[in-house]
Structures are given as C-alpha cells and as structure tokens.
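Visitor: Next come the chains, spelled out residue by residue.
Protein chains: 2
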Amino acid sequence: MMRIALLGFGSVGRGIARAILAKGLDITVTGLADSRSGIIDAGGVDLAAALARKEQGGPCGNPGVSPMDVVEKAEYDILVEVTPTDVETAEPALGHIRGALRRGKHVVTSNKGPIALAYPELRALAEANGVLLKYEATVCGAIPLIHAMQEGIAGNTITRICGVFNGTCNYILTRMAAEGLTYEQALAEARDLGYAEADPTYDVEGIDAGIKLVILANTILHMETTLDDVERTGINLLSPEALQLAEDQDCTIRLIGEIIPEAGVLRVSPRIVPKVHPLVVEGTLNAVTVEADLAGDLTFVGKGAGSTETASAVIGDLLYIQSRHVQGS
Amino acid sequence: MMRIALLGFGSVGRGIARAILAKGLDITVTGLADSRSGIIDAGGVDLAAALARKEQGGPCGNPGVSPMDVVEKAEYDILVEVTPTDVETAEPALGHIRGALRRGKHVVTSNKGPIALAYPELRALAEANGVLLKYEATVCGAIPLIHAMQEGIAGNTITRICGVFNGTCNYILTRMAAEGLTYEQALAEARDLGYAEADPTYDVEGIDAGIKLVILANTILHMETTLDDVERTGINLLSPEALQLAEDQDCTIRLIGEIIPEAGVLRVSPRIVPKVHPLVVEGTLNAVTVEADLAGDLTFVGKGAGSTETASAVIGDLLYIQSRHVQGS
Numbered sequence: 001m002m003r004i005a006l007l008g009f010g011s012v013g014r015g016i017a018r019a020i021l022a023k024g025l026d027i028t029v030t031g032l033a034d035s036r037s038g039i040i041d042a043g044g045v046d047l048a049a050a051l052a053r054k055e056q057g058g059p060c061g062n063p064g065v066s067p068m069d070v071v072e073k074a075e076y077d078i079l080v081e082v083t084p085t086d087v088e089t090a091e092p093a094l095g096h097i098r099g100a101l102r103r104g105k106h107v108v109t110s111n112k113g114p115i116a117l118a119y120p121e122l123r124a125l126a127e128a129n130g131v132l133l134k135y136e137a138t139v140c141g142a143i144p145l146i147h148a149m150q151e152g153i154a155g156n157t158i159t160r161i162c163g164v165f166n167g168t169c170n171y172i173l174t175r176m177a178a179e180g181l182t183y184e185q186a187l188a189e190a191r192d193l194g195y196a197e198a199d200p201t202y203d204v205e206g207i208d209a210g211i212k213l214v215i216l217a218n219t220i221l222h223m224e225t226t227l228d229d230v231e232r233t234g235i236n237l238l239s240p241e242a243l244q245l246a247e248d249q250d251c252t253i254r255l256i257g258e259i260i261p262e263a264g265v266l267r268v269s270p271r272i273v274p275k276v277h278p279l280v281v282e283g284t285l286n287a288v289t290v291e292a293d294l295a296g297d298l299t300f301v302g303k304g305a306g307s308t309e310t311a312s313a314v315i316g317d318l319l320y321i322q323s324r325h326v327q328g329s
Numbered sequence: 001m002m003r004i005a006l007l008g009f010g011s012v013g014r015g016i017a018r019a020i021l022a023k024g025l026d027i028t029v030t031g032l033a034d035s036r037s038g039i040i041d042a043g044g045v046d047l048a049a050a051l052a053r054k055e056q057g058g059p060c061g062n063p064g065v066s067p068m069d070v071v072e073k074a075e076y077d078i079l080v081e082v083t084p085t086d087v088e089t090a091e092p093a094l095g096h097i098r099g100a101l102r103r104g105k106h107v108v109t110s111n112k113g114p115i116a117l118a119y120p121e122l123r124a125l126a127e128a129n130g131v132l133l134k135y136e137a138t139v140c141g142a143i144p145l146i147h148a149m150q151e152g153i154a155g156n157t158i159t160r161i162c163g164v165f166n167g168t169c170n171y172i173l174t175r176m177a178a179e180g181l182t183y184e185q186a187l188a189e190a191r192d193l194g195y196a197e198a199d200p201t202y203d204v205e206g207i208d209a210g211i212k213l214v215i216l217a218n219t220i221l222h223m224e225t226t227l228d229d230v231e232r233t234g235i236n237l238l239s240p241e242a243l244q245l246a247e248d249q250d251c252t253i254r255l256i257g258e259i260i261p262e263a264g265v266l267r268v269s270p271r272i273v274p275k276v277h278p279l280v281v282e283g284t285l286n287a288v289t290v291e292a293d294l295a296g297d298l299t300f301v302g303k304g305a306g307s308t309e310t311a312s313a314v315i316g317d318l319l320y321i322q323s324r325h326v327q328g329s
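These protein sequence lines are chains C and P, in that order.
Counting in full-length UniProt numbering, the first sequence runs without a single skipped number right up to 329 at its last residue.
Counting in full-length UniProt numbering, the second sequence runs without a single skipped number right up to 329 at its last residue.
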C-alpha cells in the first residue's frame, strides 16, 4: 500500500483521483488540497466524495486546511504536486516540494515551474534526504520520454532532441493547413474546443515549449539553462500564405523545439518540414525525436496533454517509486 | 564496477564489446565465449585483443573453454546471452540462461528463443534466485519498448499493440513501392546490403515478427502463446501491382504485427495503410503503436536491428540492473 498526499484538484488532480478509483490501485490518499481547502485523514480521504463536492462547485475539503498543512502534517510516502504552473516563481509548488523533500518524502510532480527553475537544488535536497523526485508528466504528457532517456537508453550519449512539444500550437497549425484558416480563426477554434487558454501567449509564443526544453536540458542533458537561453519564435505571426507555400512543396509548418547540447543551442521556432517527416503529427499530438550515439534516432509520438494522459505519467512515476522504495510493497 | 560474462561474439557481442571500450563503461568482462572458444579471467578479459583476434578470423579465446564453462565457472554479476536465436529449441541459449539464473546471476539477453519459448519458467527461476532477467534487445532493437511498457506506462492496461516489427520486410516493401521493383528484385537488393539472410524465410514469412509478438504477449500482456498461435501471412507473394493499387489511394503496404489481448488475437500480415499513418516508416526502421487505457496511443519509431543498436538495448538493461542490484554500485 502506498500513501500519497495530493496537492492540486483541478483537471490533473481529479484525473489522478479518477484513475486511482477506476483502476482500484492500492493507493491511499492521506492528504488532499486545492488552493482553497484541504483534508488530512490518515485513514484515507474518500476520493469519490471529494470529486463529487468539487464537481458541484464546492471545495475539495476543509477551508481551514492549506496545502502547506498537508505537506507538513499529513502522513504519506509520496507527495503528488499537480497545482498550476507558475513559470516566473514556481510558487507555491516549489515550497510544497521543498517541504516534502525535507520531511524525507518522495515527490512526483506535473508542475513545470519547480523543475525548470530549481531542479539542481531540488535534486540535491532529494538525494540528501534519500528520496526520489520524479517529473515525467512535465514534458509531453503521456509519452514516457524522460523514462526512456533516463532508463531505456541509459548508457547512450544524447546528441540532439527535436520535437513538437506544444499540442495547442500543433492543433492551430494543423487546422490552418487543412482548412486554409487564418491564425486567428484557428486559435478561436482551439479556444472553443478547450485546447487554448483565454490568454494564449504561453502556448503560441513558444514559452511552454521553451520551458520543456529547459527541463530536458537541465535534467537529462546536464546543462544549466533558463527560459532566457531559449531562442524563441512563436506561431502568432504565421500567415495562411506561408502554410500554402509549404504545402506546394509537399511540406507543412510545425513549431519545433530543438536542443543541441554540444552547441549549447535551445531553440523554438516554426519550421518547414516535409509532410512525411516523423515529427509531422496531427492535431494536439506531441512528437519527439531523440538522437543518441548507440540507439540512433528514436521518435516518440503521443498525447501531450489531457487529465487522463497526465495521470498516466504521474501513476507511472508513483509505481516506479513504489517498486524501489516504498516500505511493505 | 559491474562484472559480466558475455556469450556470443558475433555482430551483437562485438557491438557490445566495442561500446564498452568506446564509452569507457565501468564494466569488466570476466568471461567471454563464442561457439568455438572461450576465456575466463577474473581480472578482466582484454576486449580489444579479443576483438582483434576475431576480426582476423580467429577464435575469441581458448578452444578448451565452452560457453557452459563460462556460465558455470566464471565470476560475474550478469550473464549477457547474445548467441544466435534458435526458435525451435531455444538452445543452447536456454541452457546458458538456466545455468546462470540457478547460480543466482542476473541475465540480459538479445536472444528471442528462450524468451519466446520459456519465459514463465525463466522468470520463476529468476525470482526464486532473487535476480533479474531482462530482454529489451529481443524486440525492436534500439527502441526501449519493453522498458516503456513495463515502467514508463506502468499502471496502464494495454489494449492493443500494433507495429512494423521486421526491418528486412519493411526495406523490401519500401523499395518495391519506391522503385516498382518485384519482390525478388527487392529481396536481392536487401541481400546485397546485408539486410536479408541467404535463406530469407525467417523474415519474409513473418516468423521473426511473430516471435516478437509472442514475446510481447507472454511477457507484457500476461498471455500464454506460442508461434503456432500467430495467424501469419508473409510478404513473399506480394506483387508490384498490389503496391501500385495501394499507391493509387495514397496508401502503401506494410507487414503489420498486431496483438489484441482481449480477443486473444496475434496476427502478422501485409496491410494497406495510409501513407501518413504513423506506422508507415521507411527502410529498415521499426515502428510500434501501443494503445493504453490512460496514456492513449503511443508510437515508438527507431532502428530495429544492427549491432550498435542492439548493444544500446543490452547496455540499457545492464545499467538498469546495476542501478538496482549490483553490489557496490
């Protein structure tokens, strides 16, 4: 039996709760909090009841219990930090993760802020406390990309990572090419379908893709980078004519993120790519090619977002920790 | 430091030896054997010298030392079994693996025979002896597919696996479509390039792909299957006209292996697939789509064969075991 504290009960947190219930996983949630309320219950929070309360617009727990209360007072093996990302300060997630690591608790997170901004510190803190910090869900949703690089092709030197890291941009580009829509029309459609936020800056200007590059560079490629190191061009200035020109050559345009460690390059930009290229995926999919010295080119394609898909990555990390560290498992 | 015994010094075994030398991995080979000779040396076999002997057509070691001598007498942490596959009897690899597991040694293998024919027995033997049996290299070369399914998306239920599992067939089909070659012409070209054996039956009749399906079914999907359970049609009867017909519909033909666990289906057959389908890869590449309940569809593309690529998978497994089990690591 694994005991987790779950911070964040929005789309991702609820996706995790639903997966635990639906699959009957041997996981007990001993602490739960959203930004407004929390519950600490060593006997196990009633997840179905919390989901029901939240879906009726209520709080998930008691207004007197904060996320930090859960971090510091609940009894758990693993903190699951899935609150919304703040790429400027990484807070409040950074404080939650530090607090759990200092208590000697493992951490699994989908929150890009702390991993992009403070990985060296957090990793050192985890090591000093003999626990693990896992973050598969921060990059490319359901694709087990970090697992693949850290374990599957361990022993390889990675010479380049290149891919489609943002599903919102990929959806917009797919629709502009397929229907001749303008950027504004395709963005409006993406908003209607819930693929784009009211303020789409974070996605369409390549910030989200850039943050993912920073995470891969700092955690896998032993680089020390920040978002400022990413050369970044978004898709917001692309015209339907540019897509048509690409189309005329059996090509299309994709927002490609690229890391070349040896050259110190991190770059996000729209690029013309042949339609048969493995990175040309449709709709909200993500696709990443990893160039490795022994394995050669490996390409991974899958869903980069979504509550169930993110839950998949979080649960993979939980089971990874359980198989190695959790007592009595 | 990790001590391995290496059985098999053909293309794969030499690829592993070269990777150990080139990357300066902290691995000592305390036993080495091919079918004709062997060496046992607790201080570490001189791999460069063994490679040089072999490349001059000589034996890798002493004619008086057999592979079984190495299994039983060498001091090692992990047996690396990369002798040629026999899909009928799995021997002599099966005996080597049993011998190592009984001695309480971990095993890493690229040999499909023992995993396809005797996985339940070998796994039980490994568990009884508190050691690991890893076999990433048996399916799709450098693609860390088994890692991804066992660890990356742990917690998911896999509902279907579908893919291009044989690079030789994929090369032949790619060339038939691109150049209008007949099957015989494309096969001759594949032979010239070393992609096809003198007797191509194993590849072109779908036996190799079928064996890989059996391995995935038995080791990942908890099925109990043999090659006889695989509905199997090869590519040897395909005409250029069939490929042209597919082409006329913006499609092509690929040899697709498929497992649907719930229906008990294992199937290898040429299928018409749209050219933009993620499984339509070129040349000798492999591509596999895994359908999982939480993660959705995940597609993996990479090199399915080659000595360096297979070494990548073997070394990934070695480091996996080392990070968990080898003393002093």
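Honestly, the hints are just simulated from the structure, not real lab data.
Every residue, glycine too, gets a C-beta built ideally from N, C-alpha and C.
Worth double-checking, as some hints may not be accurate.
[Stated by the list, open to error] Derived list of chain P stretches under chain C, where covered just means 3 residues or more per stretch with a C-beta under 8 Å from a C-beta of chain C:
| id | segment |
| --- | --- |
| 1 | 70-83 |
| 2 | 133-143 |
| 3 | 265-275 |
| 4 | 291-301 |
[Said to hold, decoys possible] Calculated Cβ distances over 12 Å to all of chain C for the following chain P residues:
| id | residue |
| --- | --- |
| 5 | A49 |
| 6 | P200 |
| 7 | N218 |
| 8 | M223 |
| 9 | T226 |
| 10 | E282 |
| 11 | A287 |
| 12 | S307 |
| 13 | E309 |
| 14 | D317 |
| 15 | Q322 |
| 16 | R324 |
Visitor: So, for every hint listed, does it hold in this structure?
Guide: So, going through the hints one by one against the coordinates:
As drawn, the segment 70-83 of chain P meets chain C at 0 residues by the rule of a beta-carbon pair under 8 Å; below three, the given contact is violated. By the rule of at least three residues with a Cβ nearer than 8 Å to a Cβ of chain C, the coverage given for the segment 133-143 of chain P holds, with 3 such residues. Only when three residues or more bring their CB closer than 8 Å to a CB of chain C does the claim for the segment 265-275 of chain P stand; here the count is 1, and the claim is violated. Given a C-beta distance limit of less than 8 Å, the hint that chain C covers the segment 291-301 of chain P holds, as 9 residues qualify and 3 suffice.
With a least CB separation of 23 Å from chain C, A49 (chain P) remains clear of the 12 Å interface cut-off, as annotated. For P200 (chain P), the non-interface assignment is confirmed: its Cβ lies about 24 Å from the closest Cβ of chain C, beyond the 12 Å cut-off. The non-interface label for N218 (chain P) is consistent with chain C: the shortest C-beta to C-beta separation is roughly 20 Å, beyond 12 Å. M223 (chain P), annotated as away from the interface, keeps every beta carbon of chain C farther than 12 Å; the closest lies near 20 Å.
Distance check on T226 (chain P): its Cβ is at least 28 Å (rounded) from any Cβ of chain C, clearing the 12 Å threshold; non-interface status holds. Against the 12 Å criterion, E282 (chain P) falls within the reach of chain C, whose nearest CB is about 8 Å from its own CB. Its closest Cβ contact with chain C, about 8 Å, brings A287 (chain P) to no more than 12 Å, contrary to its assignment away from the interface. Not every CB of chain C is more than 12 Å from the CB of S307 (chain P) (nearest about 10 Å), against its label as outside the interface.
The claim that E309 (chain P) is not at the interface with chain C is violated, since a C-beta of that chain comes within 12 Å of its own (minimum 6 Å). With a closest Cβ-Cβ approach of about 9 Å to chain C, D317 (chain P) is found to fall inside the 12 Å limit, against its non-interface label. For Q322 (chain P), the shortest C-beta to C-beta distance to chain C comes to about 9 Å, within the 12 Å cut-off, and the non-interface label is violated. Under the 12 Å C-beta cut-off, the non-interface status given to R324 (chain P) relative to chain C is violated; the minimum distance is some 7 Å.
Going through the hint list in order, the structure does not satisfy hints 1, 3, 10, 11, 12, 13, 14, 15 and 16.
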